[in-house]
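Protein chains in written order, with the working numbering: chain X, 1 to 401; chain H, 1 to 416.
In case anyone wonders, no lab produced these hints; they're calculated from the structure. Hints may be right or wrong, so weigh each one.
[Said to hold, decoys possible] Listed below are the simulated EDC-like cross-link pairs for lysine to aspartate or glutamate, each with C-alpha atoms no more than 20 angstroms apart in a straight line:
{"#": "1", "chain 1": "X", "residue 1": "Lys354", "chain 2": "H", "residue 2": "Glu194"}
{"#": "2", "chain 1": "H", "residue 1": "Lys56", "chain 2": "H", "residue 2": "Asp352"}
{"#": "3", "chain 1": "H", "residue 1": "Lys229", "chain 2": "H", "residue 2": "Glu91"}
{"#": "4", "chain 1": "X", "residue 1": "Lys360", "chain 2": "H", "residue 2": "Glu267"}
{"#": "5", "chain 1": "H", "residue 1": "Lys262", "chain 2": "X", "residue 2": "Asp256"}
{"#": "6", "chain 1": "H", "residue 1": "Lys262", "chain 2": "H", "residue 2": "Glu143"}
{"#": "7", "chain 1": "H", "residue 1": "Lys166", "chain 2": "H", "residue 2": "Glu197"}
{"#": "8", "chain 1": "H", "residue 1": "Lys262", "chain 2": "X", "residue 2": "Glu278"}
{"#": "9", "chain 1": "H", "residue 1": "Lys263", "chain 2": "X", "residue 2": "Asp314"}
{"#": "10", "chain 1": "H", "residue 1": "Lys263", "chain 2": "X", "residue 2": "Glu357"}
{"#": "11", "chain 1": "H", "residue 1": "Lys289", "chain 2": "H", "residue 2": "Glu277"}
{"#": "12", "chain 1": "H", "residue 1": "Lys262", "chain 2": "X", "residue 2": "Glu357"}
{"#": "13", "chain 1": "X", "residue 1": "Lys217", "chain 2": "X", "residue 2": "Glu278"}
{"#": "14", "chain 1": "X", "residue 1": "Lys354", "chain 2": "H", "residue 2": "Glu197"}
{"#": "15", "chain 1": "H", "residue 1": "Lys29", "chain 2": "X", "residue 2": "Asp328"}
{"#": "16", "chain 1": "H", "residue 1": "Lys415", "chain 2": "H", "residue 2": "Asp81"}
{"#": "17", "chain 1": "H", "residue 1": "Lys263", "chain 2": "H", "residue 2": "Asp305"}
{"#": "18", "chain 1": "H", "residue 1": "Lys289", "chain 2": "H", "residue 2": "Glu91"}
{"#": "19", "chain 1": "H", "residue 1": "Lys289", "chain 2": "X", "residue 2": "Glu278"}
{"#": "20", "chain 1": "X", "residue 1": "Lys9", "chain 2": "H", "residue 2": "Glu277"}
{"#": "21", "chain 1": "X", "residue 1": "Lys28", "chain 2": "H", "residue 2": "Glu143"}
{"#": "22", "chain 1": "H", "residue 1": "Lys4", "chain 2": "H", "residue 2": "Glu194"}
[Claimed, not checked] Pulled a few chain X residues facing chain H out of the computed Cβ check, cut under 7 angstroms:
{"#": "23", "residue": "Ser14"}
{"#": "24", "residue": "Thr15"}
{"#": "25", "residue": "Val17"}
{"#": "26", "residue": "Lys28"}
{"#": "27", "residue": "Ile30"}
{"#": "28", "residue": "Ile64"}
{"#": "29", "residue": "Met180"}
{"#": "30", "residue": "Trp184"}
{"#": "31", "residue": "Ala305"}
{"#": "32", "residue": "Gln306"}
{"#": "33", "residue": "Gly307"}
{"#": "34", "residue": "Gly309"}
Note that the Cβ used here is the ideal one computed from N, Cα and C, for glycine as well.
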Amino acid sequence: MNHNTNLDKCVACSTCVVQCPVSEVTSKFIGPRMLGPASQRFRLLNDGEDNSLSYCTNCKNCDISCPHGVDISNINMLARAEYCREHRPSFRDWVLAHGELEAKLVRYLPTFLANMGQANPITKLLLSRLGISPKADLPKFAPKQFPAMFKAYKQPEGLTKKVVFYPGCFVKAYAPQVGMDFVWLMNKAGYYVECPDTFSCCGTPLYTNGFEEDARKNAAANLMEMAKWHNEGVPVMSLCPSCQLMFKEYPVYFPDLAETAGSTDIGDCMQFVIECIERGELDPASAAVQTPLDIIYHAPCHLRAQGIGLPGFDILRMLPGVNAVNADAGCCGISGSYGFKKEKYDIAMAVGSKLFETIKDSGIELVSTECGTCKVQIMHGTGKSVAHPLSILRQRLEGSN
Amino acid sequence: MNRKTDIVVVGSGIAGMTAALTAAQSGKKVTLLTHGVGSLAISSGSIDVLGYVNGKAVADPFAAMADLPENHPYRLVGEADVRASLDWLKELCGKAGMAMQAGEGNQQLVTVMGTLKPSWLTPLSFHAEAIEDVLRVAVVSVEDMKDVHPGLIIDQLQRYPALAKKEFVKAILPNPIQQAHRNVTPLDIARFVERPEGLQWLKDSLAPYAKLYPVLLLPPILGMKHSQKIWEQLCSALNVKIVEMVSIPPGVAGLRLREVMKKALNEAGVYLVENTEVVRSEVEQGACKALTTVATGGENRWEADSFIIATGGLLGGGIGTAPGKAWETIFGLPLDMPENTEEWSSPSIFGDSLFARMGVKVNEALKPVDAEGSVILNNVRFAGRILGGYDFATEKSGHGVALATGWHAGTLAGKE
Numbered sequence: 001m002n003h004n005t006n007l008d009k010c011v012a013c014s015t016c017v018v019q020c021p022v023s024e025v026t027s028k029f030i031g032p033r034m035l036g037p038a039s040q041r042f043r044l045l046n047d048g049e050d051n052s053l054s055y056c057t058n059c060k061n062c063d064i065s066c067p068h069g070v071d072i073s074n075i076n077m078l079a080r081a082e083y084c085r086e087h088r089p090s091f092r093d094w095v096l097a098h099g100e101l102e103a104k105l106v107r108y109l110p111t112f113l114a115n116m117g118q119a120n121p122i123t124k125l126l127l128s129r130l131g132i133s134p135k136a137d138l139p140k141f142a143p144k145q146f147p148a149m150f151k152a153y154k155q156p157e158g159l160t161k162k163v164v165f166y167p168g169c170f171v172k173a174y175a176p177q178v179g180m181d182f183v184w185l186m187n188k189a190g191y192y193v194e195c196p197d198t199f200s201c202c203g204t205p206l207y208t209n210g211f212e213e214d215a216r217k218n219a220a221a222n223l224m225e226m227a228k229w230h231n232e233g234v235p236v237m238s239l240c241p242s243c244q245l246m247f248k249e250y251p252v253y254f255p256d257l258a259e260t261a262g263s264t265d266i267g268d269c270m271q272f273v274i275e276c277i278e279r280g281e282l283d284p285a286s287a288a289v290q291t292p293l294d295i296i297y298h299a300p301c302h303l304r305a306q307g308i309g310l311p312g313f314d315i316l317r318m319l320p321g322v323n324a325v326n327a328d329a330g331c332c333g334i335s336g337s338y339g340f341k342k343e344k345y346d347i348a349m350a351v352g353s354k355l356f357e358t359i360k361d362s363g364i365e366l367v368s369t370e371c372g373t374c375k376v377q378i379m380h381g382t383g384k385s386v387a388h389p390l391s392i393l394r395q396r397l398e399g400s401n
Numbered sequence: 001m002n003r004k005t006d007i008v009v010v011g012s013g014i015a016g017m018t019a020a021l022t023a024a025q026s027g028k029k030v031t032l033l034t035h036g037v038g039s040l041a042i043s044s045g046s047i048d049v050l051g052y053v054n055g056k057a058v059a060d061p062f063a064a065m066a067d068l069p070e071n072h073p074y075r076l077v078g079e080a081d082v083r084a085s086l087d088w089l090k091e092l093c094g095k096a097g098m099a100m101q102a103g104e105g106n107q108q109l110v111t112v113m114g115t116l117k118p119s120w121l122t123p124l125s126f127h128a129e130a131i132e133d134v135l136r137v138a139v140v141s142v143e144d145m146k147d148v149h150p151g152l153i154i155d156q157l158q159r160y161p162a163l164a165k166k167e168f169v170k171a172i173l174p175n176p177i178q179q180a181h182r183n184v185t186p187l188d189i190a191r192f193v194e195r196p197e198g199l200q201w202l203k204d205s206l207a208p209y210a211k212l213y214p215v216l217l218l219p220p221i222l223g224m225k226h227s228q229k230i231w232e233q234l235c236s237a238l239n240v241k242i243v244e245m246v247s248i249p250p251g252v253a254g255l256r257l258r259e260v261m262k263k264a265l266n267e268a269g270v271y272l273v274e275n276t277e278v279v280r281s282e283v284e285q286g287a288c289k290a291l292t293t294v295a296t297g298g299e300n301r302w303e304a305d306s307f308i309i310a311t312g313g314l315l316g317g318g319i320g321t322a323p324g325k326a327w328e329t330i331f332g333l334p335l336d337m338p339e340n341t342e343e344w345s346s347p348s349i350f351g352d353s354l355f356a357r358m359g360v361k362v363n364e365a366l367k368p369v370d371a372e373g374s375v376i377l378n379n380v381r382f383a384g385r386i387l388g389g390y391d392f393a394t395e396k397s398g399h400g401v402a403l404a405t406g407w408h409a410g411t412l413a414g415k416e
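Okay, chain X solo, but in the shape it has when bound (with noise of 0.2 angstroms):
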């Protein structure tokens, strides 16, 4: 282990314990407390690891709640990197974990053959011998990647101020459209936008399911493309929380990249939005669309573990016309990938069952929040529609779709 996090920082207070959303729902995990620092001691002596060191969904309420500073959920996911070395993954987890790869088989085919998992029984019934559970819904692949539209989307000319976005997988293959729009904000507040191809996975799924060496190559990958752009002073950013998150954590995973790499940190869209209302490059209060409109936001973890807040739940207050409310009602359970898994599925759903009963409580028809497999989960548990803040921001700047 090539963690330095001192397990004495741990007083054993037990506040992780009462914090964790699947230690709340289910008895089969240990705990943040018992799975991390102190299980710690043990696997430093060698004396074996934990058989439900794969129920941490990784979600960070642990770190998040902690006064100490101790970060549970990576000595947590260092463990199972650890472990995964001399216990091969599943297939199943390998499918999950690649999905970047899979987005790129299919990205020639049809939508509707690309997408015959979410309706055909046969896959159904194929992908729940595999482990993944037949109740989950899947992500749909998006007709168009976003690779194929952002090339061939042609920026305004005259643009001097630049800015790199890092899409990451979900807008790549899922969601490109927010993709678009964040282009499209970003070239009406006068910056041009690169993306350059060399970007990849960041690694939380992989990392997260096992496949320690693959996320390293993708990290490698990616901290050098980062590295030239930092040097030449061009912000880079992305609108994935836990993308963002995994970039922060490369220098505990990897610490020897980080090294060579310098700065790992990636900035936030949303964050960067902000800081172009503030500076004049965008106004809200002049949007083209003021109209009535309610929004129920939902934070993501992997936001909430960043320490900046909630900037797409601040644009969306600064919208004349909107009122937004944050549902603070917790984890939404999807975890990326553990949500799919079949054993996992009920843990999931259980967990996020707080955050779909504000949703429906609050009657509110609009949800709102910036992480991929949320969006996915939250329609999946409430059956209302989920957009991204910058993509309402948009709509609501531009006045059409």
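Go by the hints and put chain H onto chain X.
Leaving out everything else, chain H in the frame of chain X:
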């Protein structure tokens, strides 16, 4: 990123949350910066105001405040504001369906260690005076609940003269959680009881004991959000008086109270920034301009007209120490401690230790002052355990001071 707001509060224990809420209720825009969630979630959930002064038990905390040293937070805030803060919390909790009530004087709560603990404002289900009027009491636990042993509780309780003659009986309910991969805690059972099938289980399991014993002492397992309703339902359905005992962490009642306060924060529009740590302050001409935090993507700067610091003590991170010196961590205010570290603690474990009362020296407005009493930072207030001059552990005044000083700081800042 640079953000501006009216008031920035740092810390989300009971002091920080109270300060943020009261300031927001005065119409201010409030940002709450947090690093961890404070100790409220794992606490008793009852507000101890003052249990002991100089080692002597106190019957009426307000009468006893006169015996406290002049620089004690209660003396600085004043009795009227201590009472006002308690009324404020009572109203907040009452509206949320979790009524809190005080007794005539200090109440004696029963703990799962079999001790009696003085407290002031407590949820209805913790009021234990019913024991005084009866002879037979069942002490209930759940199989595999390693933190709650009725045998220990009974032995301990019978050491109190007033309880020595009572007839206590052990009652162990079957564990309703099958195939648990961990020890069962009161929190696990409380969450189970919050669900309809859990409530039914508890009702059925308690029924035989309710027929024989007029009072049942339970670990805090009566649900979460609906604890009061569950308590009322069970007491009336079983025709028995149920008393919840104060448990060790993971607390249940503390978490119930925290959820009530957190919901109120969201409704009051307080902007919550989690998982962030203040690394720097900007002070110009005796006033704080901004605080800087570290986060993903770099640093964030939070400007405000005034600041309330409720960062806790040694464990919470508000106080830093090195041999021979101690300081407040955000502004680096030195705390007045002897150079010889051995003088910080008393040789007796229950003695009067300086480290237990070290903290920031403030005036009646809770603004930091130097040795001569002159204000050092004129738009900064301190609340909760970061304050010096009291020892919450020996006084049993933790939540009381946090609530009163949080309320005082938030209300004063809200009026500016």
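Each hint tested on the structure:
Only pairs whose Cα atoms come within 20 angstroms are accepted, and X:Lys354 paired with H:Glu194 is accepted, the gap being roughly 13 angstroms. For a cut-off of 20 angstroms, the pair hint linking H:Lys56 to H:Asp352 stands: about 13 angstroms separates their Cα positions. For the hint pairing H:Lys229 with H:Glu91, the CA-to-CA distance comes to about 17 angstroms; that is within 20 angstroms, so the pair holds. Restraint check for X:Lys360 and H:Glu267: the C-alpha separation of about 17 angstroms stays at or below 20 angstroms, so the hint holds.
Of the pairs offered as hints, the one joining H:Lys262 and X:Asp256 is violated, with about 41 angstroms between alpha carbons and a cut-off of 20 angstroms exceeded. Between H:Lys262 and H:Glu143 the CA atoms are separated by roughly 33 angstroms; this puts the pair beyond 20 angstroms, and the hint is violated. Proximity of H:Lys166 to H:Glu197 is assessed by CA-CA distance (about 33 angstroms); at most 20 angstroms being required, the pair is judged violated. With a C-alpha separation of about 29 angstroms, the suggested pair H:Lys262 and X:Glu278 falls outside the 20 angstroms cut-off, and the hint is violated.
About 18 angstroms separates the Cα atoms of H:Lys263 and X:Asp314, which keeps this hinted pair within 20 angstroms; it holds. For the proposed pair H:Lys263 and X:Glu357, the alpha carbon gap of about 15 angstroms is at most 20 angstroms, so the pair holds. Proposed proximity of H:Lys289 and H:Glu277 is supported: the alpha carbons are some 17 angstroms apart, at most 20 angstroms. Distance hint between H:Lys262 and X:Glu357 is fulfilled; the C-alpha atoms sit about 18 angstroms from each other, no more than 20 angstroms.
Using a Cα cut-off of 20 angstroms, the hinted pair X:Lys217 and X:Glu278 is violated, with the two alpha carbons roughly 38 angstroms apart. Of the supplied pair hints, the one linking X:Lys354 and H:Glu197 holds, its CA atoms being roughly 18 angstroms apart against a limit of 20 angstroms. Only pairs whose Cα atoms come within 20 angstroms are accepted, and H:Lys29 paired with X:Asp328 is accepted, the gap being roughly 18 angstroms. Under the criterion of a C-alpha separation no larger than 20 angstroms, the hint pairing H:Lys415 with H:Asp81 is consistent with the structure, at around 15 angstroms.
In summary, the hint linking H:Lys263 to H:Asp305 is not supported, as the alpha carbons are separated by about 25 angstroms, beyond the 20 angstroms threshold. For the suggested pair H:Lys289 and H:Glu91, the alpha carbons sit about 34 angstroms apart, so the restraint of at most 20 angstroms is broken. Between the alpha carbons of H:Lys289 and X:Glu278 the distance comes to roughly 19 angstroms, so the proposed pair stays at or under 20 angstroms and holds. In summary, the hint linking X:Lys9 to H:Glu277 is supported, as the alpha carbons are separated by about 16 angstroms, within the 20 angstroms threshold.
For the suggested pair X:Lys28 and H:Glu143, the alpha carbons sit about 17 angstroms apart, so the restraint of at most 20 angstroms is met. Pair hint H:Lys4 plus H:Glu194 does not hold up; C-alpha atoms about 41 angstroms apart against a cutoff of 20 angstroms. Given hint, X:Ser14 at the interface with chain H, holds; its Cβ is 4 angstroms from that chain's nearest Cβ, closer than 7 angstroms. Here the hint on X:Thr15 is kept, as its CB sits about 6 angstroms from the closest CB of chain H, short of 7 angstroms.
A hinted interface residue such as X:Val17 counts as satisfied when its beta carbon comes closer than 7 angstroms to some beta carbon of chain H; here the least separation is about 5 angstroms, so the hint holds. For X:Lys28, the suggested interface contact is upheld, since its CB lies about 5 angstroms from the closest CB of chain H, less than 7 angstroms. Taken as an interface hint, X:Ile30 checks out: its beta carbon lies about 5 angstroms from the nearest beta carbon of chain H, inside 7 angstroms. Restraint check, X:Ile64 versus chain H: the minimum CB separation of about 5 angstroms is within 7 angstroms; hint holds.
Hint status for X:Met180 relative to chain H: violated, with the closest Cβ pair at about 22 angstroms, above 7 angstroms. Against a cut-off of 7 angstroms between C-beta atoms, the interface hint on X:Trp184 is violated, since the closest Cβ of chain H lies about 22 angstroms away. Residue-level restraint check for X:Ala305 holds (minimum Cβ-Cβ distance to chain H is 5 angstroms; threshold 7 angstroms). With a least beta-carbon distance of about 4 angstroms to chain H, the hint placing X:Gln306 at the interface is held under the 7 angstroms criterion.
Annotation: interface hint on X:Gly307 holds; nearest CB of chain H at approximately 3 angstroms, less than 7 angstroms. Interface hint status for X:Gly309: upheld, as the beta-carbon distance to the closest one in chain H is roughly 4 angstroms, under 7 angstroms.
In summary, the numbered hints that this structure violates are 5, 6, 7, 8, 13, 17, 18, 22, 29, 30.
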